[in-house]
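So in the working numbering, the last one in the sequence shown is 283, and the numbering has no gaps at all.
By construction, these hints were calculated from the structure, which means they are not laboratory data. Hints may be right or wrong, so weigh each one.
Think about it this way: if two alpha-carbon atoms lie no more than 25 angstroms apart in a straight line, the pair counts; the simulated BS3-like pairs of lysine-lysine are [what the hints assert, rightly or not]:
#1 K63 x K41
#2 K170 x K238
#3 K31 x K63
#4 K185 x K170
#5 K58 x K41
#6 K31 x K58
#7 K31 x K41
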Amino acid sequence: MQLDTDEEIFVSGDRQAVLELLTMVIKGRHEWRPQTKAAFRAYQFAEEHVPHYKDFVEKAMLASVDRSPLVPAQRRVCVDDLRAVVDDLARSAVLIVEDEINEGWFIRALAGAFADDRIITALDNTWLVLAHAGGKDRMHRFVAARREQFTIVVRVAALLDSDQTKRSHRTRNHTYVRWIKEIDGVTEVHMWTGREMENYVPFRLWEECHPHAVDRVDAMRVMSLEERLYLDVKAHIGGGIKSDAIPPHIVLSEDDFHGLGAEVVVELRELLAMIHRIL
5 MQLDTDEEIF VSGDRQAVLE LLTMVIKGRH EWRPQTKAAF RAYQFAEEHV PHYKDFVEKA
65 MLASVDRSPL VPAQRRVCVD DLRAVVDDLA RSAVLIVEDE INEGWFIRAL AGAFADDRII
125 TALDNTWLVL AHAGGKDRMH RFVAARREQF TIVVRVAALL DSDQTKRSHR TRNHTYVRWI
185 KEIDGVTEVH MWTGREMENY VPFRLWEECH PHAVDRVDAM RVMSLEERLY LDVKAHIGGG
245 IKSDAIPPHI VLSEDDFHGL GAEVVVELRE LLAMIHRIL
């Protein structure tokens with residue numbers, strides 16, 4: 005998460021909380037974008053309490069001078085809520101999904117294809133965890149329970165299928181999305197525009213996992229985007245994608261996803277951006 009800091013936290017804030025905050029940004033868990041005065045106060049704090057942090061803080065101070073225009077941070081850390089905010093930032097961000105195994109490999113493969121090292125690192129270090137909701141009808145309960153783990157900075161998001169058979173089709177899932185958004189502090193929800201996650205799997209992976217169905221994959225290639233987004237792909241192919249059955253030599257690229265269409269790529273980037281907002 006991109007953070008800005010009130011200069012006062014380095015003067016009168018809880019010292020232990022400040023140390024924990026600086027440690028997290030030094031490790032790369034969060035991105036610190038201080039304004040110049042706050043960076044100078046942080047340097048003075050480091051000089052007095054943690055001299056081995058001085059080099060890092062000095063670089064942040066110099067960057068604050070050069071940064072133009074200033075990109076707004078997602079969260080400003082103030083002295084009044086310092087302890088609670090640091091505790092929230094120290095917890096794992098949570099992406100709640102219908103199926104932890106299926107969505108887990110897909111999110112990791114997607115981040116790898118788009119060279120999103122921050123998400124990969126967050127997954128590797130459990131700074132981001134996927135939580136299994138066991139289906140859509142109970143997802144709002146799981147989201148509400150995870151939301152209770154956070155006090156001020158609610159770092160919870162949800163991802164679910166639409167189950168739509170056409171773009172104008174309204175399903176029960178639209179109601180589930182509304183229920184999730186009604187949970188206090190939860191703003192990040194992504195429901196696939198297409199039918200389900202499988203509609204966003206590149207053709208090459210279908211061919212590798214279902215070599216008997218190459219002709220069916222070719223049929224998908226010539227479909228319009230609208231047809232392909234709402235196709236029951238698993239029924240069409242004759243099976244889904246099992247993460248433990250994916251050949252180890254298969255590494256998806258951004259080009260593989262571009263083959264699905266520009267609209268799909270835009271949506272995938274929106275999903276990655278949502279994940280970044282809770283990191």
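- Message: Please list, smallest to largest, the hint numbers that this structure does not respect.
- Response: none
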